[in-house]
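Residue numbers (our numbering), protein chains in the order written: chain U, 34 to 235; chain Z, 347 to 826; chain F, 31 to 295.
Hints may be right or wrong, so weigh each one.
Covered stretches of chain F (in silico footprint by chain Z; criterion: 3 or more residues with CB under 8 Å from a CB of chain Z, positions within the stretch not fixed) [to be verified]:
1) 55-67
2) 252-266
Now the stretches of chain U that chain F is said to cover, found in silico as 3 or more residues with beta-carbon under 8 Å [what the hints assert, rightly or not]:
3) 118-124
4) 179-189
Calculated from the structure, these hints are not laboratory results.
Yeah, the Cβ is synthetic: ideal placement off N, Cα and C, and Gly gets one too.
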Amino acid sequence: MPATDSTALAAGSRWRTLDIVTCAVLAVAFGVVFWAWNFVWEGIDPLLNFYPPLSAIVYGLWLIPAVLAPLIVRKVGAGVFTEALAASISLFLGSQWGITVLYQGLLQGLGGELPFAAGRYRHFGHLNAVIGGALAGFAGTMWDVYYWYPDLGLWTFKVPYVGIAMLSGALIAGLGSKALVKAMLPTGVLDRFPVGRDRRRI
Amino acid sequence: MISVRFRGFTWRHAGRRSPAVSDVDLRIEPGERVLLLGPSGSGKSTLLAALAGLLTTDSGDQRGQVLLDGTDAADRRGAAGILFQDPETQLVMARSGDDVAFGLENQAVPTEAIWPRVRHAIETVGFPYPLDHPTHALSGGEQQRLALAGVLARRPGLILLDEPTSNIDPEGADAIRRGLKAALADTSATMVIVEHRISEIIDLIDRVIALDPGGGLLADGPPETVFAAHGPTLADQGVWVPGIPLPTRPGHGAGRPCLRGDRLTKTYPGADRPAVRGIDFTARAGEMLAVTGPNGSGKSTLALLAGGLLKPDLGTATVPGEARPLHRLPAQRLATRVGSVFQDPEHQFVTATVRAELAFAPHAAGWDRDRTDARVSELLERLRLGHLAEANPHTLSGGEARRLSVASALAAAPDALLLDEPTFGQDRRTWSELVDLTAAIRDAGTAVMAVTHDRDFAAALADRELALSAGEVDGEASRC
Amino acid sequence: MLTFAPVCDRDAPIARTNPIAKLFAVVAVSTTALLAADWLTPLLLLAALAVATPFSGVRLGPLTRRLRWLWFAGATVAVVNTVFAAEKTGAELLSFGPLEITADALVDGMALGLRVCVAATAGVLGFATTDPTDLADALTQQLRTSPRFTIGSLAAMRLLPLLSAEWQQITTARRARGMEGGRNPLRRARLFASTMFTLLVGAMRRAGRLAAAMDARGFDSGARRTHARIQRMRPADWLFSACAAAVSAAAVVVSVAYGTFRLLV
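Chain U on its own, in the form it takes in the complex:
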């Protein structure tokens, strides 16, 4: 037996069924996570809604799929596919933003995936994850301020809102996704992905 795992693990840009289904199941799982979050934040969330910059503190939670999926699957389009599918799931469950969540999901996914694409899908370190989270937050909140809060002040609202969301994206979606991957590694669920090769064999 060879000393290391086959290089076929990493090779190829072709999506295996496993890659597709993994992204899709992650999107569905996050559909559940977002739904459950409503119960955790019950009572607090509506209050924050009236001052948008504050509600952006937890914006990063909605961006995790955009960063986590490329970290695990490492295929072109993983972030966009997963984040957009997660958005469509809220659409089926009756999202108040209608079809626009899909546009926004696509944008956020694009933001999250950009740094990995810029590195030609070869670098998946903390820096790229943090940038991805921040860019996803930027993309998402730019959509918000442009379409839902266009009349608000630039410095009193738009800038702090986008800024807080980028910070939240960098921390929760960026560092959070890295932490999730690190915690998942020893469980063996990543063994069939390139990222799983970073793990000590058991």
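Chain U is already provided as a structure; the job is to place chains Z and F on it using the hints.
Only chains Z and F this time, still in chain U's reference frame:
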């Protein structure tokens, strides 16, 4: 009918140090019906996956060959049909008929030919619902029969069955076996089945191959010959060999009451009748109370109510020395009063090592460090987890994970322990271990209450039985 | 528990419309509302949606349940944009300390709130009447999307009720272990993260098994697939799409003619 050939076959899964199977040489003739046996971890599932063409180069490393009719199995993916253990993740579509049709669409069967084949397959396995019945509303046994129809509709020349009934309750398993019998009578395909409960399927097979844990074959031949010569060895390896008696561990008499339920009643939102109604019970130190009954009789709901994990509409679950009913206790305190072990051990794991897992509840309950450490060491030894103290709970084998979930529920020294289907999906060896473990916990003075479908488990351990039927106590069937 | 089952009468005209035609209509109406910043365009679109509602077959109960959140979101957007508007011109309607509401800000705020309502109502009517399976069939057959991605996503969506039930089980199991959120927000967040991790590990395991089951039934064979269920664009579906485009255009034309139209740029 497909012939099967393994030639010096070795496979190591990605991420694993040692191979799952090594140097397997095996030949199966077209049309043979083979039972594949071997202890847990001997690579039976890996061999089936290899035959199904599912072991691709990106999932591990291979040596030797797997041939179907002389060609590489990986190049003939789809020639074989495989039924897996877990019913939930084998179904692909939301409507029953669509799910059977899925495999035919992939085979590029013309649209007009798809539906007659779907109907035929569904009738063969005895699936009782119309084609548009939602798959998420099916019981595990029904899902498994539907998945079997999906395999048959593709008319595979080789049928592979990977413990098809081990995750199913006894009634559902019987229905699957009936479907299987009808299906096999309908085809001349070669079949390989992996199964521990062999008495029920023995008339479906004409050859037994037993893998040796050390590599190579332990036995190969007609069922009667193999079981006559190797019965006790196979039983030790986890096979339910017919005619070898199961152990019993009777209790030594009941002590003081440790957990009481009074008129427990619960109706779920949207349900038209209560899940349980007016249930009284007492669990006493040093005895096991078995809670039995068919699917939907309210067993699991009763376990949640008894464990203080669900708020009853009426009635209370209480422990002596605690004024408040259990469902109103803070979680940290609850863990010191009642331990609950769930069906899926992974749901209960909250930390990254076995040791931390055991220290979690004592720490939350405010025990000091010396007391916690002493308790953890004691449990590691008692439940034979010492060598795994630093392992990640999610990497444990099925039997180890089960032992850890029991140990962690006992960690904060509760007087009562609740088990939900503890023997579900276990082979004979891990089953016997669980019987011994439960007996030891009981005899150390803990009240054990076990929700179970498993008649043998109840018979081996229970002094009393609480039989439920449609949410109420069935007095006739109970032994109190 | 979460499910995707449509909440409508299946024989209603909109429920029977081809999913792609519906998708097009939802996109046309929502995007028009999105691009217009005035109050009249979304109001006209909302009126059109109200007319369409009886034909959707969505039952009143589920509709109001879903629309409750929608109106709340619309109201939030309206209030935020009114109260915190950067430019406060027009007659002053209310002044209370730092709080100041002017007529222009109120009109603009209402307009933005109406847009949310249009997008959400269109989404509810379009998607609450569409079965995901039918949408996937129409996507692969009419729009020629990749069957691997479309059917792969569909198969994953089947796990939604399962995973949402699992969330509850994991939370319950955590209480049994002595872990509970209580009122402390930090503890609640920790419990949430821990539950999410366990859910994701289980989801990844399921994804692996599901992918294997799909491949075992020839999903990745590379051969052309056939379709068990045929989705077609019938004349009625084309007509439906054309109506949606016409209504969207008409709303803009009326608004322009009335002199209120403003493009959001």
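Going down the list of hints, with the structure as the test:
1. Counting residues of the stretch 55-67 of chain F whose C-beta sits closer than 8 Å to any C-beta of chain Z gives 0, which falls short of three, so the coverage hint is violated.
2. Proximity of the stretch 252-266 of chain F to chain Z, defined as three or more residues with a beta carbon under 8 Å from a beta carbon of that chain, is established by the 8 residues found.
3. Only residues whose beta carbon comes within less than 8 Å of a beta carbon in chain F count, and the stretch 118-124 of chain U has 3; three or more means the coverage holds.
4. Only residues whose beta carbon comes within less than 8 Å of a beta carbon in chain F count, and the stretch 179-189 of chain U has 10; three or more means the coverage holds.
Going through the hint list in order, the structure does not satisfy hint 1, though it satisfies all others.
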